[in-house]
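So you can see what is in the structure, the chains are spelled out below.
Protein chains: 2
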Amino acid sequence: MIDFEFYTPTRVFFGKDTHRKVGEIIKDYGFKKVLFHYGGGSIKRTGLYDQVVKSLSSNGIDFVELGGVQPNPKLSLVKAGVELCKREKIDMILAVGGGSVIDSAKVMAISALADNDPWDFVTGKAKPEKALPVGTVLTLAASGSEMSSSAVITKEDEQLKRGFNSDFNRPLFSIMNPELTYTVDKFQTGCGIVDIMMHTLERYFTTTRDVDLTDRLAEGLLKAVIRAGEIAIRNPEDYEARATLMWAGSLSHNGLTGAGRDSFLRCHQIEHEISGAYDFVAHGAGLAIVFPAWAKYVYRHNVEKFCQYAVRVWNMEMNFENPEETALKGILATEDYFKSLGMPVRLSELNIGDEKFEEMADKCTFYGKRILSGYVPLGKKEIMEILELCR
Amino acid sequence: MIDFEFYTPTRVFFGKDTHRKVGEIIKDYGFKKVLFHYGGGSIKRTGLYDQVVKSLSSNGIDFVELGGVQPNPKLSLVKAGVELCKREKIDMILAVGGGSVIDSAKVMAISALADNDPWDFVTGKAKPEKALPVGTVLTLAASGSEMSSSAVITKEDEQLKRGFNSDFNRPLFSIMNPELTYTVDKFQTGCGIVDIMMHTLERYFTTTRDVDLTDRLAEGLLKAVIRAGEIAIRNPEDYEARATLMWAGSLSHNGLTGAGRDSFLRCHQIEHEISGAYDFVAHGAGLAIVFPAWAKYVYRHNVEKFCQYAVRVWNMEMNFENPEETALKGILATEDYFKSLGMPVRLSELNIGDEKFEEMADKCTFYGKRILSGYVPLGKKEIMEILELCR
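The listed protein sequences correspond, in order, to chains G and B. Heads up, the first sequence is in the working numbering, so the first residue is 1 and it goes up one at a time. Heads up, the second sequence is in the working numbering, so the first residue is 1 and it goes up one at a time.
By construction, these hints were calculated from the structure, which means they are not laboratory data. Beta carbons: idealized from backbone N, C-alpha and C, even for Gly. Keep in mind that a hint or two might mislead.
Anything over 12 Å on all C-beta distances counts as not near chain B; from chain G, calculated [what the hints assert, rightly or not]:
id, residue
1, 10
2, 11
3, 14
4, 177
5, 207
6, 212
7, 325
8, 389
A partial selection of chain B residues facing chain G, derived with a Cβ cut-off under 8 Å [unchecked claim]:
id, residue
9, 157
10, 221
11, 248
Throw the hints in and build the complete structure from the sequences for me.
This is the structure in structure tokens:
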């Protein structure tokens with residue numbers, strides 16, 4: 001185990017009808033002027049928009065609105081939001097939606113109290129020193145952004161998708177009602193399940209030894225998600241399955257599964273290049289393609305860990321004579337599971353060829369300035385070979 | 001799963017030498033006048049006292065001292081601490097020690113900003129509304145107090161041991177260096193392991209259904225603790241085992257293993273009566289006696305859950321023809337494990353007879369005013385029957 005800091009200050013309100021308390025909660029905190037941030041029309045279609053407005057109004061909370069967040073949230077909207085926050089003297093941001101809306105709110109919250117361009121924070125050129133408080137009403141179990149220190153933003157003119165971590169990105173509170181995810185369609189549910197699993201899996205495959213406790217927590221979480229995922233795909237209104245996915249989504253990315261280990265979200269980094277270059281690729285779908293390719297590329301470097309994964313998470317029987325077979329079976333079981341969720345597992349299924357592989361590998365290595373660390377270090381050459389396995 | 005709130009704001013600094021940063025950390029928070037609270041002489045013997053003083057002094061932190069916390073921390077010392085805080089205009093309390101020191105600091109911190117008698121907060125007669133911030137340097141992996149909302153205090157003149165929960169009990173930060181637990185002797189290490197396991201087990205055995213995710217996290221934590229416990233008892237200076245126990249101790253009692261389920265620490269409540277009446281009984285040792293008795297008393301009410309425990313945590317093979325056998329095997333495995341740690345598993349080993357059973361059952365039910373809820377409700381009669389099984 002390596003040294004670590006653990007800090008998850010977000011207050012979670014989890015359960016049925018919790019979203020109806022949003023105005024009350026904000027009032028209890030004492031905020032006066034809220035930016036109500038959201039995405040496309042879905043919260044209007046489902047009635048959530050009206051419920052939030054009603055709760056805010058009936059608690060006397062003054063608010064202004066900024067909708068229009070798209071998947072892979074855009075820098076231009078963040079900039080517009082920052083201006084709005086400054087002009088309207090906003091004292092908290094309420095993000096109602098999934099990871100894209102929350103990430104957009106986080107970068108706004110940091111930039112609203114600074115003079116920097118928001119992109120400076122995303123790229124690490126500037127360090128956040130404070131932020132407006134962010135509260136969330138979560139509508140999608142996937143990104144874990146509702147408790148995480150991460151935010152990912154896309155600079156649309158350069159097709160650059162970049163993320164950064166900061167404790168100032170941790171929401172003050174998050175309201176999680178699993179019922180709000182009943183309307184998430186099968187494909188987006190599948191994407192979310194993959195994203196949740198990947199937040200844990202990327203940390204599970206670490207070079208740090210003696211991490212038994214966190215490994216076992218991760219394995220338990222994965223087993224619960226795999227089971228709940230099957231149920232939620234079959235029956236979108238199964239409360240228990242939706243609740244499991246929602247809570248697992250938060251725990252996968254709030255620091256718990258990464259405590260005490262060296263870990264780096266290398267599949268996420270590679271996927272960011274795919275969905276950065278091809279805007280129609282959903283993040284979870286991209287990850288479902290990248291992980292099996294990455295795993296097949298690296299598993300021989302630590303066959304034992306992949307065997308542990310196969311045996312403990314997928315209930316495979318260990319082949320002591322041929323551990324590689326067991327390791328590979330775990331990877332293939334993961335790939336099959338992703339398929340069963342309706343996810344693509346090859347780029348060809350999305351009609352993506354190798355035209356942009358070199359460009360993606362260049363961008364992913366910051367044009368030769370970084371190597372993806374952890375497990376097996378990945379430079380341009382290795383990333384291109386993994387992308388080749390994604391075809 | 002039932003609705004829940006989750007709130008674990010404590011910032012954790014985990015790892016080697018972290019205790020040497022205590023002054024720096026307090027300085028970063030901006031506190032000026034600290035109450036340095038500790039127990040008996042052990043931190044002076046190990047040199048920790050000097051290291052803390054050095055770190056505080058070299059960072060220009062003004063502090064006053066209050067040592068002398070005993071196991072089962074006493075109300076009288078809390079009162080003395082409250083007076084000291086008020087007189088010296090203390091702005092934070094630094095608790096250096098195990099759960100007793102931290103619990104003592106917590107109740108002081110709440111009472112220092114109120115006019116109530118501290119016992120009012122412990123008994124629920126008064127509700128905490130604010131508290132001085134508490135920071136900890138942990139020296140014992142056991143109580144989980146370093147991240148928990150709980151505090152337990154003993155009113156010595158009435159031999160009453162009572163606990164209460166409040167978010168104001170959550171420490172602001174906790175410094176956890178597993179090396180500081182190398183000097184904990186075998187018996188206290190065993191007590192700590194039992195306490196950690198019990199914080200998870202008491203929540204594991206719940207009446208709430210569909211709690212797969214939290215069950216699996218609990219099972220993973222228990223497996224890791226069982227393994228690390230064996231190692232730490234054999235080799236007290238095994239860093240990885242000590243680190244696993246320390247981190248598991250925090251996670252067992254910070255809310256993670258109780259999220260979304262009805263749970264009540266009924267064995268803790270019964271044990272409080274034992275160590276309240278017999279001050280020489282260590283809390284963990286008392287729990288090692290109570291749990292097997294409680295489990296044997298109730299397992300037939302939910303054989304399936306006890307089977308799950310036996311199969312998943314103790315790797316027992318399920319006896320489908322006779323599930324009760326499997327359930328009982330899991331309980332006996334736990335009892336055997338406690339024994340292997342050097343714990344007593346019967347009151348007779350401590351030369352305690354049945355003289356005070358009725359008095360303990362009366363106190364535990366608040367003289368008939370409460371029933372221990374959850375799983376199987378326990379009144380005076382049931383508690384006395386469980387105590388009988390403890391003999």
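Hint-by-hint comparison with the structure:
no. : hint : in the structure
1   : 10   : violated (8 Å)
2   : 11   : violated (5 Å)
3   : 14   : violated (5 Å)
4   : 177  : violated (9 Å)
5   : 207  : holds (15 Å)
6   : 212  : violated (5 Å)
7   : 325  : holds (24 Å)
8   : 389  : holds (31 Å)
9   : 157  : violated (38 Å)
10  : 221  : holds (7 Å)
11  : 248  : holds (6 Å)
Going through the hint list in order, the structure does not satisfy hints 1, 2, 3, 4, 6, 9.
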